[in-house]
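Start from the sequences and build out the full structure, keeping to the hints where you can.
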Amino acid sequence: MAFTRILIADSSSLTVVGAETLLKARADTSITKAENGDELLALAEKLRPNLILLGDRFDPLFDTLILVERLLQIAPSIRLIIMGVSTEGLFIRDLFAMGVYGYLATADDLSECLLTAVETILRARPYLSPTANAEYLVTMQGSYRDWQLDAEARAILRLLASGCTPSQIAARLNLKRRRVYWVTEKMRTRFGAATNEHLISRAATEGFAGFPD
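Each residue of the sequence shown is one higher than the one before, starting from 14 at the first, in the numbering used here.
Nothing false has been slipped in among the hints.
Label-pair restraints from in silico Cβ distances:
(1) LYS199 to GLU125: 33 to 39 Å
(2) SER43 to MET153: 31 to 37 Å
(3) ARG190 to LYS37: 51 to 57 Å
(4) LYS199 to GLU52: 30 to 36 Å
Taking lysine-lysine and the DSS-like style, the derived pairs with C-alpha atoms no more than 30 Å apart in a straight line are:
(5) LYS59 to LYS37
(6) LYS46 to LYS59
(7) LYS189 to LYS199
The set of hints was computed from the structure by calculation and includes no laboratory data.
We treat Cβ as the ideally placed atom computed from N, Cα and C, and that holds for glycine.
What follows is the structure, encoded as structure tokens:
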């Protein structure tokens with residue numbers, strides 16, 4: 014077995030301890046823990062781990078997708094497993110489209126799926142825990158499976174959360190106002206939201222907390 018470097022980043026100390034305990038049973042494995050988003054990015058660049066276990070509520074100053082983007086920019090070969098509260102199939106789909114290899118729903122028993130997930134992903138194969146897999150399959154059969162929350166949509170979402178009007182967003186992002194309305198409506202449908210306030214709340218629930226600039 015090749016030596017494996019694993020970096021753990023999760024806001025729940027119980028999850029970190031549980032994951033660390035399980036992974037210590039794995040031969041030829043070193044484990045490092047990050048305390049916040051900035052430290053995670055620094056350790057990823059310094060250590061170049063084979064695999065990162067990242068909690069979807071790890072740091073309120075980083076939404077999950079932005080943190081994933083930055084990690085993969087730093088080290089494109091890193092294999093990422095997200096441990097998440099959300100079981101929204103579209104959110105999971107967005108993560109996989111960005112380059113994440115695995116998703117473990119916190120509703121599933123970590124002790125039953127973590128080691129299998131690690132071994133599967135180190136062989137460059139994707140892994141979804143049972144609950145995440147069920148939700149993902151339902152989503153991929155739906156009409157919005159091909160629409161992704163891209164950089165433009167996330168920028169509009171962050172500005173909405175900061176209190177900007179559609180006209181202000183259009184000016185700041187150099188977009189036509191009808192484009193802002195169209196993307197916002199797509200996001201409402203994607204998150205199942207009736208209003209912008211509901212959209213922001215649902216997005217935060219899925220791991221976009223903080224909406225950093």
